[in-house]
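Enquirer: One-letter residues, chain by chain:
Number of protein chains: 2
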Amino acid sequence: MKSGPLLRASPDQIAAAARRVMARCDELARVTATSGEIERVYLSPEHARVNRLAAEWMRELGMRTWQDAAGNQVGRIEAAAPGWHGSHGSHRDAPALLLGSHLDTVLDAGRYDGIVGVLMALEIVRLLRVPRHGGEAGEGGDGWVVPLPFALEVVAFSDEEGTRFGKALLGSSAVAGTWDESWWDLTDADGTTLRRAFLEFGLDPGRVGEAARHPDEVVAYLEAHIEQGPELDRAAEPLAVVSSIASARRFQLVVEGEARHAGGTPYDMRRDALLGASEAALAVERICAAEHHIIGTVGRFEAFPGAVNVIPGEVQFSLDLRGEFDGERDRVWGDLSRELDEIMGRRGLRWRARQIHAAPAVFCAPLLQDVIRAGIASTLPERREAPPEIFSRAGHDGMALGALTQVGMLFLRNPDGISHHPDEAVSAGDVAHGIRALAESVLHLAAEPA
Amino acid sequence: MKSGPLLRASPDQIAAAARRVMARCDELARVTATSGEIERVYLSPEHARVNRLAAEWMRELGMRTWQDAAGNQVGRIEAAAPGWHGSHGSHRDAPALLLGSHLDTVLDAGRYDGIVGVLMALEIVRLLRVPRHGGEAGEGGDGWVVPLPFALEVVAFSDEEGTRFGKALLGSSAVAGTWDESWWDLTDADGTTLRRAFLEFGLDPGRVGEAARHPDEVVAYLEAHIEQGPELDRAAEPLAVVSSIASARRFQLVVEGEARHAGGTPYDMRRDALLGASEAALAVERICAAEHHIIGTVGRFEAFPGAVNVIPGEVQFSLDLRGEFDGERDRVWGDLSRELDEIMGRRGLRWRARQIHAAPAVFCAPLLQDVIRAGIASTLPERREAPPEIFSRAGHDGMALGALTQVGMLFLRNPDGISHHPDEAVSAGDVAHGIRALAESVLHLAAEPA
Chain A
1 MKSGPLLRAS
11 PDQIAAAARR
21 VMARCDELAR
31 VTATSGEIER
41 VYLSPEHARV
51 NRLAAEWMRE
61 LGMRTWQDAA
71 GNQVGRIEAA
81 APGWHGSHGS
91 HRDAPALLLG
101 SHLDTVLDAG
111 RYDGIVGVLM
121 ALEIVRLLRV
131 PRHGGEAGEG
141 GDGWVVPLPF
151 ALEVVAFSDE
161 EGTRFGKALL
171 GSSAVAGTWD
181 ESWWDLTDAD
191 GTTLRRAFLE
201 FGLDPGRVGE
211 AARHPDEVVA
221 YLEAHIEQGP
231 ELDRAAEPLA
241 VVSSIASARR
251 FQLVVEGEAR
261 HAGGTPYDMR
271 RDALLGASEA
281 ALAVERICAA
291 EHHIIGTVGR
301 FEAFPGAVNV
311 IPGEVQFSLD
321 LRGEFDGERD
331 RVWGDLSREL
341 DEIMGRRGLR
351 WRARQIHAAP
361 AVFCAPLLQD
371 VIRAGIASTL
381 PERREAPPEI
391 FSRAGHDGMA
401 LGALTQVGML
411 FLRNPDGISH
421 HPDEAVSAGD
431 VAHGIRALAE
441 SVLHLAAEPA
Chain B
1001 MKSGPLLRAS
1011 PDQIAAAARR
1021 VMARCDELAR
1031 VTATSGEIER
1041 VYLSPEHARV
1051 NRLAAEWMRE
1061 LGMRTWQDAA
1071 GNQVGRIEAA
1081 APGWHGSHGS
1091 HRDAPALLLG
1101 SHLDTVLDAG
1111 RYDGIVGVLM
1121 ALEIVRLLRV
1131 PRHGGEAGEG
1141 GDGWVVPLPF
1151 ALEVVAFSDE
1161 EGTRFGKALL
1171 GSSAVAGTWD
1181 ESWWDLTDAD
1191 GTTLRRAFLE
1201 FGLDPGRVGE
1211 AARHPDEVVA
1221 YLEAHIEQGP
1231 ELDRAAEPLA
1241 VVSSIASARR
1251 FQLVVEGEAR
1261 HAGGTPYDMR
1271 RDALLGASEA
1281 ALAVERICAA
1291 EHHIIGTVGR
1301 FEAFPGAVNV
1311 IPGEVQFSLD
1321 LRGEFDGERD
1331 RVWGDLSREL
1341 DEIMGRRGLR
1351 WRARQIHAAP
1361 AVFCAPLLQD
1371 VIRAGIASTL
1381 PERREAPPEI
1391 FSRAGHDGMA
1401 LGALTQVGML
1411 FLRNPDGISH
1421 HPDEAVSAGD
1431 VAHGIRALAE
1441 SVLHLAAEPA
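From first to last, the protein sequence lines are chains A and B. Going by the numbering used here, the first sequence opens with residue 1, and the numbers climb by one from there. Going by the numbering used here, the second sequence opens with residue 1001, and the numbers climb by one from there.
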């Protein structure tokens, strides 16, 4: 790995790029289904509007653009020099390095989650390619600052959050070629199926397979994203290299007791499902908090029949369990299961769990971790110690892309870790650092011997 | 108080009365809005049908019948001898001893809660009055076995459970004269107001005040009811005298924290409303279980926003708190409030409570407790010890009637304490004991010197 900066760009150029990213985050925030909030869900009119804006910005950079068969917006610029690690095609057939993130949001969202990564990717293209008609820097052939041996594609994924249909990563799964036919019958809150929403958006469900990329067409996937956690803020660090994306399992749990009269039933005759489930929620906290890198959350929790004067006979609740390693996560689920057996046994309750989601940890490729580390290091040349390395407890498009290609991620500091919330923030200064680091990462990757 | 039996009735007569009660419970159970279950709510077609059946059974006993202005079904038989504790009217103006309970049910109800008390009251009338055209026993004037100095009324209350409009004791409140004009706007699950339901049932909302009785018209209210708890079953006793009906307060509580990303937020930054509320529910159990006669129940419990991957920012839950004495109940609420302060303070949460219901304890009148005690004792002449005395944690029509007159209650053994459930039960043998005890109670009351 080469060390030291490879990018020739002035501090002013980088600062201008960061200002443009911030201004465009504000501009995209105005494209919302709910006035006064930010809400852009998959296959909505807002989705179409931000795709058009992104495509316009891509074309300004000389990129060829298209909206793929799953509604992802893509821009591509061809390789400057043919051949990448043994590929033998022409410029136009060169495999592409994918840079991107997503433009969809949760309900009442912030303006940076996903969005900032797409807009930073556009600035990387701007920095690495000389404008055809003059520009500040120039070297290499075909308008490239350096003659990249791969094409660059910026991908604005259409659905990462899963807000509308409850299933996350629809856009990136289509690109990864892991679309599942059973998803067509998923419905939104209005009962509209995913199939129907495709048609209403102007997409052909029968052609969704055309969004899938072949592994040979792709070099890697690199993404910049806000941390969605407080670790960088606490460490007073602007950037981190991501080691892996969390391993996750989600369960729907049911605790069954007996619904009885709240007045007439003494404590020793109660089989109160709510009290058992309350102990379970506290056990999740106690057991996970004692681990190093495990987080468990009970997010949904409903008691039945839900009458003031009836002892709850049933509680349904969810468990979201995340960890850095699949094995550790599964061991903790085992510990929790034994604890639930004890709690429910003592209270005369029954319990059962149905797994509703499972995703293995996605490990960022060592080579990509190295180039991102080098990219971050080159933005802070005075520093001695290595850039921070953190694992992402939040899910990302890279989890789906991992089925297609090697994945690398760069995290930006997220003040107080507030995310999925209107107060979500990132500073222009950190975005500037991030742009330089990501551009350097791409150049370090390009400089790797085949 | 006279001791020893006053009733002249053969074991066969009592057994036949109990069999009739059991058969009529089965007959009424077939009057239901939901086939395969028992469901009779206020002002429904089922309410009208059971009123017609009850009226028919009342008239068979020679009673004058009417449906009052709140849909309660009443039957009356006049006093045999004028004058009760100084009243000077004719027979027809004599004040009445009210015997009764309710015919409405919860959803998916049992067949005895309320119903058995109405049907037992009819058997008391049958036992105390000689049929005009011959009968097994006879003494006293005007067809009475003994010349009762008060009229007897059987009241089948129309709404005790509050199933349809969420407000309990509507029927008995109308009789007690405590109807509240604000209730007219209460709505059922379909949005029908109480006012509209009155009209649809054929009642005039403007005349509901006519259901109210004057204290001078009423001697007392006596009710037999299944225990809705396991104490008699555990003590192997068929009957108990009720000392009081529970003091109750109900609260709607809100715990507020912060909704954040379930993956990205480490435990030490969470303000998880669900975990605070879970601790609160367990504290209710711990604190109340350490008291003698206090029961607290969290029946409703909802977490918001209620998404698998979002830490709950708010929980709303209910607390139903019952005790034998108002002061004890209020002291426990104070203890709970301090505990909630500690829990929520430690977790960085806020909490607040709104009282949605408060009813003071209703103490059964000492005289009525004495006559019921004498009534029970006379059914078990071989026994030495006094009949069991228990306080009712469940609410009853007597809570409303307490505003009108003195109240007495007799409890029947309820196997395993199962109530508000299809498995609710009472034995024919215990009903026979109860009929004899209640008839004796009436005779002991009649024998009290003015």
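Hints may be right or wrong, so weigh each one.
[Unchecked claim] Computed from the model, here is a short list of chain B residues facing chain A with C-beta under 10 Å:
{"hint": "1", "residue": "G1177"}
{"hint": "2", "residue": "T1297"}
{"hint": "3", "residue": "R1393"}
[Claimed, not checked] Cβ-to-Cβ under 8 Å is the rule here; a few derived chain B residues that face chain A:
{"hint": "4", "residue": "A1303"}
{"hint": "5", "residue": "F1391"}
{"hint": "6", "residue": "G1395"}
{"hint": "7", "residue": "H1421"}
{"hint": "8", "residue": "P1422"}
Simulated from the structure, these hints should not be mistaken for lab results. Here the structure is a predicted model, which means the values were calculated and not measured. Ideal placement from N, C-alpha and C gives every residue a C-beta, glycine not left out.
Enquirer: State for each hint whether it applies.
Expert: Tested hints:
no.: 1; hint: G1177; verdict: violated, 25 Å
no.: 2; hint: T1297; verdict: holds, 4 Å
no.: 3; hint: R1393; verdict: holds, 4 Å
no.: 4; hint: A1303; verdict: holds, 4 Å
no.: 5; hint: F1391; verdict: violated, 11 Å
no.: 6; hint: G1395; verdict: holds, 7 Å
no.: 7; hint: H1421; verdict: holds, 7 Å
no.: 8; hint: P1422; verdict: violated, 12 Å
This entry does not satisfy hints 1, 5, 8, going by the numbered hints stated previously.
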